[in-house]
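Student: With the sequences and hints as input, model every part of the structure.
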Amino acid sequence: MKARSLAGWAVLLAAALATAGCGGSGDKAAEKARVRWAFMLPTSWDPVTSRTGADINTVSLAYASLTRLDKDGNVQPALAQSWTYSPDGRTLTFQLRDKLKFTDGTPLDAAAVKAFFERGKTQKDSFLRPEIESIASFDTDGPLRVVFHLSRLDYQLPYVMAGRVGAIASPTAAAKDKAKLALWPVGAGPFKMVEFVPESHAYFVKNPDYWDAANIHVERLELTTLSEPTTTIASLVSGAIDVASIGPKRVEEARARKLTVTTAPSLNASDLMINRNKPPFDDPRVAEAVRYAIDRGELVKTLTAGLGTPTNQPFPPHYFAFDPQTRDKWAYDPARAKALLAQAGHAPGSLTVEIVINPLINEGLPELLQAQLGRVGIKSRLRIVPPGSSSWQSEVYIAKRPATAVDGTVGRESPVQNLLAVYGPQGIMNLSGPYAPPAFLKAIDEVRATPIDAPQYKERLQRATRLGAEQSPSVWLFSTPFIVATRSRVKHLNIVPSQIRWEGVTVE
Amino acid sequence: MTTISEPAPPQAAPIVTGRTIRLRHGKALLRHVGGTLGITLPVFFIATLITFLLGVVSGLDPAAGIAGDAASPETVARIRTDLGLDQPVVFQYLHWIGGVLRGDLGTSWFNGVPASELILQRLPISLSIAGVALLVGVVFGLGLGLVAGVRHGGRLDRAITLFAALVSSLPPFVVAFVLILIFSLWLGWLPSSGYVPFADDPIGWLAAVSIPAVALSVDVIADLARQLRTGLVVALSENYVTGAVVRGLSRRRILFVHVLRNASGPALTVLALKVPMLIGGAVVTEAIFNMPGMGKLAADSALRGDVPVVQGTLVVSILLILACNLCVNILLGVLQPAARRRS
Amino acid sequence: MIRQLLRYPSARAAFVILAVVAVLAVFGPFLAPHDPLAQDGSALLQPPGTRYWLGTDALGRDVFSRLLAGSTVSVLASLLSVSIGLVLGVVPGLLSVFLGRRFEWINLRVIDALMMLPFLVFAIAMTAMLGNGLVQAMFAVGILITPAFFRVTRAAALSIANAEYIEAARLMGASTSAILRRHVVAKVLPPVAVAAASMTGACLSIVASLTFLGIGVVPPDPTWGGLLATDLANLYDRPFGPVAPALLIVATVWALNALADALRDSGRKETAA
Numbered sequence: 001m002k003a004r005s006l007a008g009w010a011v012l013l014a015a016a017l018a019t020a021g022c023g024g025s026g027d028k029a030a031e032k033a034r035v036r037w038a039f040m041l042p043t044s045w046d047p048v049t050s051r052t053g054a055d056i057n058t059v060s061l062a063y064a065s066l067t068r069l070d071k072d073g074n075v076q077p078a079l080a081q082s083w084t085y086s087p088d089g090r091t092l093t094f095q096l097r098d099k100l101k102f103t104d105g106t107p108l109d110a111a112a113v114k115a116f117f118e119r120g121k122t123q124k125d126s127f128l129r130p131e132i133e134s135i136a137s138f139d140t141d142g143p144l145r146v147v148f149h150l151s152r153l154d155y156q157l158p159y160v161m162a163g164r165v166g167a168i169a170s171p172t173a174a175a176k177d178k179a180k181l182a183l184w185p186v187g188a189g190p191f192k193m194v195e196f197v198p199e200s201h202a203y204f205v206k207n208p209d210y211w212d213a214a215n216i217h218v219e220r221l222e223l224t225t226l227s228e229p230t231t232t233i234a235s236l237v238s239g240a241i242d243v244a245s246i247g248p249k250r251v252e253e254a255r256a257r258k259l260t261v262t263t264a265p266s267l268n269a270s271d272l273m274i275n276r277n278k279p280p281f282d283d284p285r286v287a288e289a290v291r292y293a294i295d296r297g298e299l300v301k302t303l304t305a306g307l308g309t310p311t312n313q314p315f316p317p318h319y320f321a322f323d324p325q326t327r328d329k330w331a332y333d334p335a336r337a338k339a340l341l342a343q344a345g346h347a348p349g350s351l352t353v354e355i356v357i358n359p360l361i362n363e364g365l366p367e368l369l370q371a372q373l374g375r376v377g378i379k380s381r382l383r384i385v386p387p388g389s390s391s392w393q394s395e396v397y398i399a400k401r402p403a404t405a406v407d408g409t410v411g412r413e414s415p416v417q418n419l420l421a422v423y424g425p426q427g428i429m430n431l432s433g434p435y436a437p438p439a440f441l442k443a444i445d446e447v448r449a450t451p452i453d454a455p456q457y458k459e460r461l462q463r464a465t466r467l468g469a470e471q472s473p474s475v476w477l478f479s480t481p482f483i484v485a486t487r488s489r490v491k492h493l494n495i496v497p498s499q500i501r502w503e504g505v506t507v508e
Numbered sequence: 001m002t003t004i005s006e007p008a009p010p011q012a013a014p015i016v017t018g019r020t021i022r023l024r025h026g027k028a029l030l031r032h033v034g035g036t037l038g039i040t041l042p043v044f045f046i047a048t049l050i051t052f053l054l055g056v057v058s059g060l061d062p063a064a065g066i067a068g069d070a071a072s073p074e075t076v077a078r079i080r081t082d083l084g085l086d087q088p089v090v091f092q093y094l095h096w097i098g099g100v101l102r103g104d105l106g107t108s109w110f111n112g113v114p115a116s117e118l119i120l121q122r123l124p125i126s127l128s129i130a131g132v133a134l135l136v137g138v139v140f141g142l143g144l145g146l147v148a149g150v151r152h153g154g155r156l157d158r159a160i161t162l163f164a165a166l167v168s169s170l171p172p173f174v175v176a177f178v179l180i181l182i183f184s185l186w187l188g189w190l191p192s193s194g195y196v197p198f199a200d201d202p203i204g205w206l207a208a209v210s211i212p213a214v215a216l217s218v219d220v221i222a223d224l225a226r227q228l229r230t231g232l233v234v235a236l237s238e239n240y241v242t243g244a245v246v247r248g249l250s251r252r253r254i255l256f257v258h259v260l261r262n263a264s265g266p267a268l269t270v271l272a273l274k275v276p277m278l279i280g281g282a283v284v285t286e287a288i289f290n291m292p293g294m295g296k297l298a299a300d301s302a303l304r305g306d307v308p309v310v311q312g313t314l315v316v317s318i319l320l321i322l323a324c325n326l327c328v329n330i331l332l333g334v335l336q337p338a339a340r341r342r343s
Numbered sequence: 001m002i003r004q005l006l007r008y009p010s011a012r013a014a015f016v017i018l019a020v021v022a023v024l025a026v027f028g029p030f031l032a033p034h035d036p037l038a039q040d041g042s043a044l045l046q047p048p049g050t051r052y053w054l055g056t057d058a059l060g061r062d063v064f065s066r067l068l069a070g071s072t073v074s075v076l077a078s079l080l081s082v083s084i085g086l087v088l089g090v091v092p093g094l095l096s097v098f099l100g101r102r103f104e105w106i107n108l109r110v111i112d113a114l115m116m117l118p119f120l121v122f123a124i125a126m127t128a129m130l131g132n133g134l135v136q137a138m139f140a141v142g143i144l145i146t147p148a149f150f151r152v153t154r155a156a157a158l159s160i161a162n163a164e165y166i167e168a169a170r171l172m173g174a175s176t177s178a179i180l181r182r183h184v185v186a187k188v189l190p191p192v193a194v195a196a197a198s199m200t201g202a203c204l205s206i207v208a209s210l211t212f213l214g215i216g217v218v219p220p221d222p223t224w225g226g227l228l229a230t231d232l233a234n235l236y237d238r239p240f241g242p243v244a245p246a247l248l249i250v251a252t253v254w255a256l257n258a259l260a261d262a263l264r265d266s267g268r269k270e271t272a273a
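Chains as they are written, first to last, in the working numbering: chain G, 1 to 508; chain X, 1 to 343; chain R, 1 to 273.
These are calculated hints, taken from the structure and not from any lab test. Just so you know, even glycine gets a beta-carbon here, dropped at the ideal spot from N, CA and C. Hints may be right or wrong, so weigh each one.
[Stated by the list, open to error] Sample of chain X residues lacking proximity to chain G, with all beta carbon distances greater than 12 Å (derived):
1. Y93
2. G99
3. R151
4. V167
[To be verified] Facing chain R, according to a computed beta carbon distance under 8 Å, are these residues of chain X, among others:
5. A47
6. S58
7. G131
8. L166
9. I279
10. A302
11. L303
12. S317
13. L322
[Claimed, not checked] Where chain X lies over chain R, by a calculated footprint (3+ residues, C-beta under 8 Å):
14. 44-54
15. 112-121
16. 205-211
Tutor: So this is what it looks like as structure tokens:
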């Protein structure tokens, strides 16, 4: 390399850097209604094989569900205009909107819906199967009416249909290549995918055929993976992204940097999962001791900057499934915890447990739990398993190998669905699975069989929550709201309890 | 990365120094290239063997994952047979390397996408960062080294030497944070995350790539400057320089034509040693700047035990590094008249 | 030798810094004014003050105590990698000169191959796939720095393998092992010491990078790199937080490099004289 050409390069580079610095972001027309959102990518783009609750936030970009929730968590029409239960409650009929179609042009009619659920029942790797257990078979009644024949009473289904379960995928695409659907969604949602690089980003453009397209003002949505939490705010400030969730302790900084911070009620709750099939928790006294060892007030104060709320059940206190009778149980009582441990034959300091954690959970929570357990004489070691990965899925959710793990739920559209996810025999967050308390399961059946508008509904639901919380060893800790930081050009965020949605969101 | 390489003693040239020196004509150059290749190939196979063994030693097994959560031991055993996992390691390696040579790097155990596809999607990002970093490193490293060497002992020399010592003591992610602090948060000039393809928007590309590349290049600048300075100081004191001065050659001519040529050998050697650092070190910058490059892919895949993707990224990195080394080697042969004379 | 080194001002400074670091590494955990794991919920993210000299982290732990306690692990980790690199590099380095051609060829190619591995990515891959612990990380780094030791050893050994005085010793009936012990070791030791000093610094920085990425260290154990990473995360609340750990890392690495330079220089002068 000659010195002269080097000098030339240096000048070129300096000039280019200068232009890059000044010219920053261009002002193309297409960029105006573009939103860049940093979030997690789903475990699968096919609702049938998507595996975790948080997936619905991104799956619902490409798919519309049969119903949807409003901000208070009530069911509203979506793809389905209306639905009716037969008087005996054994059939449920959805009336679809007219002229719906998927982004591949396939009509979204009763036959397509039927095909989708049948795939959910039969496909080998379907994660939908337990969710639609109550439905024995599907029928069409004309092009716009889908009939579910139920094997048991289940008044939760309209709620369930508001999430991943009711996110109808194109039968044509599924018939062509099921594996591809996991990488390239074909739905009838607000957006249509135009580019996807696994674990990197997914780009979408507005889908003009979405039934509620009139309320979608975002022309282009660029979804990227979460950045390093320490640089999320820098990314927002420098304009690399427009919308991102931030931790509660970063709210002050975000506001100081002139970002808009929106908080909204969520169904999010953190827990310390406990496995009753693994020693030392095969002795219920040890599991109970852990309940009294946890100081939720300290967790909320130290970790959530006061934005969180303590909870000892898988719901935040504002939600209708939260059981007020359980509220005051298992208050912090280290003396009682020690006594229980002594009864179980564990002298202080003689017990060591391994807590499995993932790096995405609330910063500091595992260490704080470790310290609190230490105060009652339970020593612990932390072991990191990466989240969203096959190892967390297979180690924790499927193989249920850990004795304890720190995790949390983001909630589900139906409270029953959420209770089953955390306490049910097939629940991914039930570390003691396949064990599920029989009394709880009976209570769940009662809730299912109760119409939503029946006067006993709320009471029965809360009873199921109570039984689950009492009889399952997992310890619930606290709930944090949705905390979303945005650049000022993005307005009117639409956050429903179980997901972030894009209807009504505007971009300046 | 920091100073992994010693400020290189002459014998520390990358692969094949002895041959490099003996170049004379085009024919010799050809022979040199041939000889270099003759050594590069075994190196490639050993490096890939190490990579392959890493997967074997890890004890990670795709069979359980493929079979699903309710797999019987028989199913797992059958899948293992289908995948050839019950064969001796040597055969497994030959089978794998055969695939690699045909461009087949296997399929991700995690999302079923071919590893080569995942890598190809990320290659431009890693190459952009590493390439720009290399360019910045060479330009500023040589520039600073030249100034320091010529102004040997002066205030500027001492400032540059101090800068180089300080910077190569600093973990690279600290440099990245300082740059984010200044250019993204304080001045608000450059984005601190994300990537824009060059073809879409060249200026956006440069804006996205510049902070990570500069963060990565700082170490190259420091080492290169240090090496070139030492080389220059030695070369400037040699007899032929005094002779040239006596013969009345201009200072600039002496510096650029004679001295720099001779002093650039060790500097180039350092550069060759830096390439694995650039390609490997990008993982930290890619994590901080949330750029989906190859380093991040390798790290994420390693954490979730996705062996084919890890091996694939390593093989591609090794190929890139070998290619860079070949280039430097040939350049070294062309550039080193004094070395030739001495031998 | 040490007296000669002390003539360099940079070496004197380096010795002072390294002596402090050594004290920290050995006695750090005992010198800590607070329990490095104890959380004070009433004092989160405090700035430096009289009770907590360097302030507290997000869980109310004393940063100064954590820094002291982290010294042992950080220093030991680098020393462990360097020892692995030393053994794996020096022994084959020597043997490659004195054993046969074939052995030499294979050795050289393996070392070349190790040098062709993308450094940090390979360290991460190896650590993660072998079980993501500090020992695994140190082992990976140790293997990757092997070439540095191999090459300096080999260069020094080559320079004397055919030297006349060795020939003379052989003629005088000294056994090969005696020659190796007396002459070669004396000649090889100085450059290896130089490499060891600068590699220890490099390893310290690499460990910091790995811990920054969450590789190799499990909470709540403190390390310098880990502390630097958390301090960078809490930059808004504690703007000067990263200064102390960064300074500690930079000073130690600088001291090791300065020592290496001084060693090299004094070695050169010795041979020249």
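Student: Work down the list of hints and note, for each, if the structure agrees.
Tutor: Hints and how they fare:
no., hint, in the structure
1, Y93, "holds, 24 Å"
2, G99, "holds, 21 Å"
3, R151, "holds, 17 Å"
4, V167, "holds, 19 Å"
5, A47, "holds, 4 Å"
6, S58, "holds, 4 Å"
7, G131, "violated, 15 Å"
8, L166, "holds, 7 Å"
9, I279, "holds, 5 Å"
10, A302, "holds, 4 Å"
11, L303, "holds, 5 Å"
12, S317, "holds, 4 Å"
13, L322, "holds, 6 Å"
14, 44-54, "violated (count 0)"
15, 112-121, "holds (count 10)"
16, 205-211, "holds (count 4)"
Violated hints, in rising order: 7 and 14; the structure is consistent with all others.
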